[in-house]
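With the sequences and hints as input, model every part of the structure.
So the sequences go chain by chain: A and B.
What the first sequence shows, in our numbering, is residues 1 to 364, in sequence order.
What the second sequence shows, in our numbering, is residues 365 to 728, in sequence order.
Keep in mind that a hint or two might mislead.
Computed from the model, here is a short list of chain A residues facing chain B with C-beta under 7 Å [unchecked claim]:
| # | residue |
| --- | --- |
| 1 | 36 |
| 2 | 48 |
| 3 | 52 |
| 4 | 85 |
| 5 | 147 |
| 6 | 154 |
| 7 | 155 |
| 8 | 156 |
| 9 | 157 |
| 10 | 161 |
Covered, in the sense of this in silico footprint (three residues per stretch, anywhere, with C-beta under 8 Å from a C-beta of chain A), are these stretches of chain B [said to hold, decoys possible]:
| # | segment |
| --- | --- |
| 11 | 441–453 |
| 12 | 480–487 |
| 13 | 519–526 |
It is worth saying that the hints were derived from the structure and are not from the lab.
Here a beta-carbon is modelled for each residue, glycine too, at the ideal position from N, C-alpha and C.
2 protein chains.
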Amino acid sequence: MRCLNLALAERSYPILIGNDLLQSAENLQPYLRGPRVAVISNTTVAPLYLSTVVTSLEKVGVGVTAIILPDGEKFKNWESLNAIYDGLLAARCDRGTTLIALGGGVIGDLAGFAAATYQRGVSFIQIPTTLLSQVDSSVGGKTGINHPRGKNMVGAFWQPKLVLADTRTLRSLPARELSAGLAEVIKYGLIRDLPFLEWLEANMDSLVGRDDDALAYAIERSCRNKAEVVADDEFETAKEGGRALLNLGHTFGHAIESGMGYGNWLHGEAVAAGTVMAAELSRRLGWLSEADVDRVRDILQRAGLPVCGPMLGAEQYLEFMSHDKKVVDGRMRLVLLKSIGSAVTTSDAEHADILATINACCHE
Amino acid sequence: MRCLNLALAERSYPILIGNDLLQSAENLQPYLRGPRVAVISNTTVAPLYLSTVVTSLEKVGVGVTAIILPDGEKFKNWESLNAIYDGLLAARCDRGTTLIALGGGVIGDLAGFAAATYQRGVSFIQIPTTLLSQVDSSVGGKTGINHPRGKNMVGAFWQPKLVLADTRTLRSLPARELSAGLAEVIKYGLIRDLPFLEWLEANMDSLVGRDDDALAYAIERSCRNKAEVVADDEFETAKEGGRALLNLGHTFGHAIESGMGYGNWLHGEAVAAGTVMAAELSRRLGWLSEADVDRVRDILQRAGLPVCGPMLGAEQYLEFMSHDKKVVDGRMRLVLLKSIGSAVTTSDAEHADILATINACCHE
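Okay, structure coming up:
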């Protein structure tokens with residue numbers, strides 16, 4: 001079992017990574033505030049793993065309330081959040097209750113926000129069951145729900161007491177979702193960790209083959225990278241660099257997700273195509289070579305990811321990109337690559353270069 | 365103008381107290397994060413003070429969005445919170461927007477919780493316009509909404525950047541609400557500040573007569589007392605004493621509010637009658653004399669407050685009291701007085717003494 005300690009001032013917590021961690025309540029027990037937990041899961045994950053978690057907790061005398069929500073990004077809303085509050089209040093959960101998120105990013109965001117706001121804040125543990133949530137949402141403390149007028153518009157920063165990433169849960173993950181998670185893994189190599197990118201180039205086949213050890217290493221190193229970025233900029237207030245660097249490929253990617261209708265492209269798929277666009281635009285600014293861009297495209301492709309965007313029309317891309325939350329004072333700030341392994345936030349890209357990049361990287 | 369600095373680690377803020385502070389945007393301007401504010405108010409307060417605040421802000425180039433909610437505790441719910449989110453999103457408010465609460469405790473709780481959760485947290489300024497909110501909710505950072513299954517069940521701790529208490533706004537306050545605020549003022553004297561209680565005994569007529577200087581002094585001293593309690597126990601985690609001491613009279617008071625239906629007794633009125641019960645129970649434990657209990661009753665009465673509870677029946681009191689959030693592990697913990705000016709949290713009171721106290725202090 002790998003253990004990574006996230007150091008965030010008063011709110012530090014460990015991330016445990018390994019095989020078959022769900023069976024052992026001993027991993028959870030030291031982090032429970034009281035003898036009572038509520039497990040929040042969804043209709044896809046609960047049939048696979050809920051009974052394992054509940055049985056192991058009950059064996060050590062912990063009372064469990066299970067709250068099962070429908071599965072999907074479209075349920076990351078007030079109704080689901082209120083279903084959690086209702087379940088907690090019906091079971092008379094008090095401030096000593098610990099909320100456990102068992103599922104992917106949507107469950108983590110919902111349960112985390114419920115934990116941040118139930119009786120003004122209760123303890124929270126994450127058991128992410130997708131690669132994306134293991135390498136992304138388990139670090140950083142972002143929680144929240146969507147609003148009809150915008151994604152993630154309502155939420156809070158709320159750190160878990162523990163994250164438990166069991167690589168065995170990835171065996172049940174559809175291949176497309178595994179690949180989508182790998183897009184974020186590759187991102188950490190590209191923005192700040194060239195040796196990790198080289199490791200990924202050497203081990204991509206093992207990752208796609210769901211080798212437990214390779215996955216555990218990639219998860220740990222991804223979390224470590226994200227943790228270093230987050231520790232420097234916990235509340236996303238840095239003007240340059242900081243957490244914004246984690247958005248490599250995301251502004252182009254959001255345009256793809258919006259343009260195609262949310263859910264048709266997975267977030268990681270859109271980020272992959274967006275990352276190729278960011279690399280191509282970096283080449284046009286003279287920062288990357290053609291060989292660098294090919295290298296970016298190759299590793300994403302080997303992870304089973306799309307490397308071309310859909311042909312929405314360049315103007316429509318720009319329209320969607322300008323709606324991105326990362327636009328500051330009306331200027332489009334993008335995350336680009338100064339070199340492979342080193343990202344920057346910049347407003348340097350000319351309108352014409354962005355248009356040319358979109359046209360070069362999108363196909364029917 | 366009086367200025368009190370609240371020292372809470374990284375999140376310190378000033379409380380400005382005085383006459384006619386609303387006119388001067390200079391008081392607000394240094395605490396705005398960007399050139400944009402949203403003022404949250406209600407249909408009672410907005411007609412009185414909104415234009416003063418908006419005009420002064422616009423004069424210094426600040427853009428104002430006003431969001432006006434219906435007035436009353438029953439609107440402290442998800443629908444009102446969502447109306448704030450809708451208003452902020454419709455006006456395209458970004459993370460640099462500052463939310464200003466202009467109203468009493470309900471508006472402060474709603475706007476504060478919206479600030480804690482809009483785009484994962486934006487800046488917040490409180491302009492409390494009732495005595496109760498000036499001396500109570502402006503210190504401590506508690507924000508939230510009610511849930512159909514319980515009061516204040518959903519919320520967050522979120523500190524304002526500034527509190528601006530304008531005593532002039534108290535001139536429009538109904539007499540019952542002024543008295544209800546005085547119940548909390550008197551509480552600070554009783555739980556921890558005997559010299560302040562003596563000052564209140566000497567100056568109660570000026571306070572009831574709404575003398576600006578007397579009110580400003582009482583507000584400052586109340587806030588200072590609450591601030592000292594809160595600074596030691598910001599997140600209400602102390603096992604003994606701590607923020608719990610602020611609940612003198614509140615467990616009995618909650619029973620009155622629940623038993624009579626919320627809104628029929630004002631919170632401060634219920635706390636006043638509950639405070640007399642707490643004093644009487646303290647006498648039965650041998651901690652206070654009969655003269656002490658009379659002293660508590662007299663000062664509350666001079667403030668225009670009820671000093672007897674309604675005759676709900678002792679068993680019904682106990683039933684409502686046991687539903688109070690302050691019950692820990694099933695034992696009824698009460699805040700009682702060791703002496704005038706010194707409160708403690710205790711589980712010492714026998715069932716029979718509590719029953720006798722209720723019977724002694726309640727009338728048709």
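Hint-by-hint comparison with the structure:
The restraint placing residue 36(A) at the interface with chain B is violated, with a minimum CB-CB distance near 12 Å, outside the 7 Å limit. Below 7 Å, beta-carbon pairs count as interface contacts, and residue 48(A) has none with chain B, the closest being about 30 Å; its hint is therefore violated. The restraint placing residue 52(A) at the interface with chain B is violated, with a minimum CB-CB distance near 30 Å, outside the 7 Å limit. Below 7 Å, beta-carbon pairs count as interface contacts, and residue 85(A) has one with chain B at about 6 Å; its hint therefore holds.
A distance limit of 7 Å between C-beta atoms decides the matter here; for residue 147(A) the minimum to chain B is near 6 Å, and the interface restraint holds. Proximity of residue 154(A) to chain B holds as hinted, the smallest CB-CB distance being about 5 Å (cut-off 7 Å). A cut of 7 Å between beta carbons decides the hint on residue 155(A): the least distance to chain B is about 5 Å, and the hint holds. Below 7 Å, beta-carbon pairs count as interface contacts, and residue 156(A) has one with chain B at about 6 Å; its hint therefore holds.
Among the interface hints, the one on residue 157(A) holds; its C-beta lies about 6 Å from the nearest C-beta in chain B, closer than the 7 Å criterion. Interface restraint check: residue 161(A) against chain B, minimum CB-CB distance 14 Å, threshold 7 Å, status violated. Coverage of the segment 441–453 of chain B by chain A holds in this model, with 5 residues showing a Cβ closer than 8 Å to a Cβ of that chain against a need of three. Counting residues of the segment 480–487 of chain B whose C-beta sits closer than 8 Å to any C-beta of chain A gives 6, which meets the bar of three, so the coverage hint holds.
Counting residues of the segment 519–526 of chain B whose beta carbon lies closer than 8 Å to any beta carbon of chain A gives 3, which reaches the threshold of three, so the coverage claim holds.
Taken one by one, the earlier hints fail for this structure at numbers 1, 2, 3, 10, listed in ascending order.
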